[in-house]
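Asks: Protein chains in written order, with our numbering: chain L, 71 to 464; chain H, 5 to 259.
Hints should not be assumed to be uniformly reliable.
Claimed, not checked - Restraint ranges, calculated between C-beta atoms of paired labels, are given here:
id, chain 1, residue 1, chain 2, residue 2, range
1, L, Q322, H, Q41, 55 to 65 Å
2, L, L297, H, P151, 29 to 39 Å
3, H, Q41, L, Y307, 49 to 59 Å
4, L, T276, H, P151, 39 to 49 Å
5, H, P230, L, A110, 22 to 32 Å
Unchecked claim - No more than 20 Å apart at the CA atoms, straight line, and that leaves these computed lysine to any residue pairs for SDA-like:
id, chain 1, residue 1, chain 2, residue 2
6, L, K192, H, W119
7, L, K192, L, T112
8, L, K192, H, G11
Stated by the list, open to error - On the chain L side, residues computed to face chain H include the following (Cβ under 10 Å):
id, residue
9, V129
10, E143
11, L180
12, G181
13, F185
14, P312
15, F316
16, D319
No wet-lab data here; the hints were simulated from the structure.
Don't be surprised by glycine CBs; every beta carbon is placed ideally from N, CA and C.
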Amino acid sequence: MDVLDLARTQFAVTGSLHFLFVVLTLGLAPLVAIMHTRHAVTGLPVHERMTRFWGQVYVINYALGILTGLVMEFQFGLNWSGLSHYAGDVFGAPLAVETLGAFFLESTFLGLWIFGWHRLPKWLHVACIWLVTLTAYLSAFWIMVANAFLQNPAGAVERGGHLVLTDVGALLANPMLLAALPHVIGAALWAGGFVLMGASAYRLFTGTDEREFFTRSLRMGVITALLGSLLTVGSGYFQFAPVAEFQPDKFQGDPLAGIGLGFMILIGQSLQMVILFVLAPTVYWLPRWRWAHPILMLMTPLPFLAAILGWLAREVGRQPWLIQGRLTVADAMSPGLTSGMVAASLVAFAGVLGLLAVADYALIVRTVRRGPAAVALGAGGPADSTERAHALSH
Amino acid sequence: MDILWLGALALLLTGYFALAGFDIGLGMLLPALGGNQEGRDRVVAAMAPFVLANEVWLVAVAGVLFGAFPAVEGEVLYGLYPLVVSLLVSWILRDAGLWFRRRADGRAWRAGWDWTICVASYGLALSWGMALVAMAGGLAGPVIGLPGLAGGAVVAGLFALHGWTFVSWRLPGQVTGARRTGRALLLTACAAAAPAAALLAALAPWLLAHAAPDETLSVLSVMILPLTPVMVGAQVWVWRTFGPRRAADPTPSFF
């Protein structure tokens with residue numbers, strides 16, 4: 071591998087890891103917010119327990135989203151300084167707004183939500199998780215604005231050897247953004263819904279306790295996945311027109327892009343049919359059909375796989391361009407970058423993040439296996455002494 | 005307009021040192037202050053509610069660099085390559101330690117992550133000290149060397165002092181045996197931020213010469229200025245909610 075291949079591999083590995091966790095963050099955040107709101111409205115304990123259990127899954131997953139995201143943010147300067155040199159005046163703006171106007175608030179409010187149990191007034195605590203959700207989706211918007219600019223550099227002209235921002239409206243209304251954003255959001259809801267469905271199926275299959283808890287969760291997961299799949303597939307088809315207009319060779323140039331697209335569509339279409347014609351119509355009975363639960367568990371990773379394939383298609387299909395028609399990846403690489411530098415950082419980032427990703431998934435599985443009674447998030451409340459006695463008796 | 009964004013950059017970077025300085029410092033002191041498992045749990049619980057709100061200042065620094073000073077972003081991060089990698093790896097391991105330490109049972113699991121937090125916190129402080137020295141030298145010489153290590157030792161010392169003061173303020177008399185006022189905490193915060201402030205003052209003319217054009221800065225200002233009160237309010241809310249005079253921490257803490 072030469073230095074360019076290594077730098078591209080580093081971006082692909084860290085980017086794929088990042089999205090594996092981000093897609094679930096985006097999918098679970100609104101579900102946890104809805105659970106928390108239902109608890110605040112009804113006062114029913116099952117909603118508080120659902121908020122804390124799925125909230126803990128969400129928070130554990132969130133950790134790797136942050137850690138991989140840090141590497142993504144700094145990697146532009148490390149390996150791709152040609153990008154900020156040539157297009158930083160345009161491409162940097164949405165990333166700056168994302169960090170200041172979205173992630174800064176998301177992280178602050180998430181800290182308040184995690185550590186605010188039994189401390190914040192009820193409705194302010196609920197407001198925190200809604201603000202976390204809102205700012206997470208704002209983050210997704212700004213990141214997709216930046217990505218769409220790479221697909222189709224709208225709103226900028228070249229002046230004096232680098233791009234200058236001339237039309238903010240065109241940057242924000244990029245045709246490569248308009249269908250891609252709902253596509254990503256749909257995929258996130260789909261993945262979040264499937265995690266609720268698969269984990270609940272596991273609990274219903276292996277244990278007899280907590281039936282009400284996991285029956286509710288499984289149904290919520292299937293309904294969310296239905297909405298997500300309709301949004302994903304619908305907006306997916308709407309992307310072919312702008313791709314044909316701005317990147318006509320997208321799926322012909324590099325076989326990896328075509329393969330990624332093909333398998334993503336195969337997985338997405340088949341799963342959507344299963345959700346639409348099997349899971350959704352039987353959602354009332356599904357929690358009782360024990361024979362079906364292993365199948366639901368096996369289906370859980372598929373939206374994640376499809377999401378990674380989709381990103382491969384979108385990004386690899388742009389080769390050799392980093393900014394379509396303007397800047398190649400070779401020209402965007404930091405001048406003077408050596409194979410040794412990229413190889414060392416690739417091993418460090420991929421090794422550390424890879425191990426932590428495995429540990430993170432193991433901890434999510436552990437949370438699911440131990441069940442709602444053993445959740446640490448929001449523990450120590452007044453209703454908790456009976457919970458702990460219940461957990462110890464298992 | 006470029007002065008405004010230089011001010012934002014300076015505020016965010018010094019703010020990061022003043023805030024994250026104490027959680028990094030406490031991470032370094034974790035085995036010394038904590039003693040046994042229960043002691044370390046208490047130290048981590050004291051800083052835990054602040055960590056997310058603190059570290060995000062550095063994420064914002066990188067965002068402002070990319071948006072308002074793109075030429076600087078590429079040059080500085082690339083110029084500091086090995087230090088940025090060690091900073092990121094340390095940051096990742098420190099945070100993983102905090103998120104993971106209580107997620108499984110067993111003393112070995114938690115003790116292992118506590119040592120990871122300690123070593124990675126040293127990694128963060130040393131990387132920062134070396135990075136500041138290298139930037140002060142105009143990225144001319146090798147980024148790792150004796151002056152850099154001296155800078156790292158200074159930053160590590162300031163962070164440790166700041167962390168010690170923070171825990172003596174939040175849990176007065178309980179961890180260090182000492183009690184510190186908010187005023188003392190403010191003083192060590194200024195001390196922790198001083199190296200970054202000095203560097204920014206020295207680099208200000210160079211930064212101004214490399215700011216993005218006014219078209220870009222205007223767009224950034226229109227997007228961000230209306231949100232500034234919310235950002236300030238959220239940070240103030242964290243300190244009001246988790247300050248020392250509030251109810252005792254729920255146990256166990258999530259981190």
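Asks: Next step is simple, just say for each hint if it's right about the structure.
Replies: Quick rundown of the hints versus the structure:
{"no.": "1", "hint": "L:Q322 to H:Q41: 55 to 65 Å", "in the structure": "holds, 60 Å"}
{"no.": "2", "hint": "L:L297 to H:P151: 29 to 39 Å", "in the structure": "violated, 58 Å"}
{"no.": "3", "hint": "H:Q41 to L:Y307: 49 to 59 Å", "in the structure": "holds, 56 Å"}
{"no.": "4", "hint": "L:T276 to H:P151: 39 to 49 Å", "in the structure": "violated, 60 Å"}
{"no.": "5", "hint": "H:P230 to L:A110: 22 to 32 Å", "in the structure": "holds, 28 Å"}
{"no.": "6", "hint": "L:K192 to H:W119", "in the structure": "violated, 36 Å"}
{"no.": "7", "hint": "L:K192 to L:T112", "in the structure": "holds, 12 Å"}
{"no.": "8", "hint": "L:K192 to H:G11", "in the structure": "violated, 37 Å"}
{"no.": "9", "hint": "V129", "in the structure": "holds, 8 Å"}
{"no.": "10", "hint": "E143", "in the structure": "holds, 5 Å"}
{"no.": "11", "hint": "L180", "in the structure": "holds, 6 Å"}
{"no.": "12", "hint": "G181", "in the structure": "holds, 4 Å"}
{"no.": "13", "hint": "F185", "in the structure": "holds, 4 Å"}
{"no.": "14", "hint": "P312", "in the structure": "violated, 23 Å"}
{"no.": "15", "hint": "F316", "in the structure": "violated, 23 Å"}
{"no.": "16", "hint": "D319", "in the structure": "violated, 29 Å"}
Hint compliance for this structure: hints 2, 4, 6, 8, 14, 15 and 16 are broken, all remaining hints hold.
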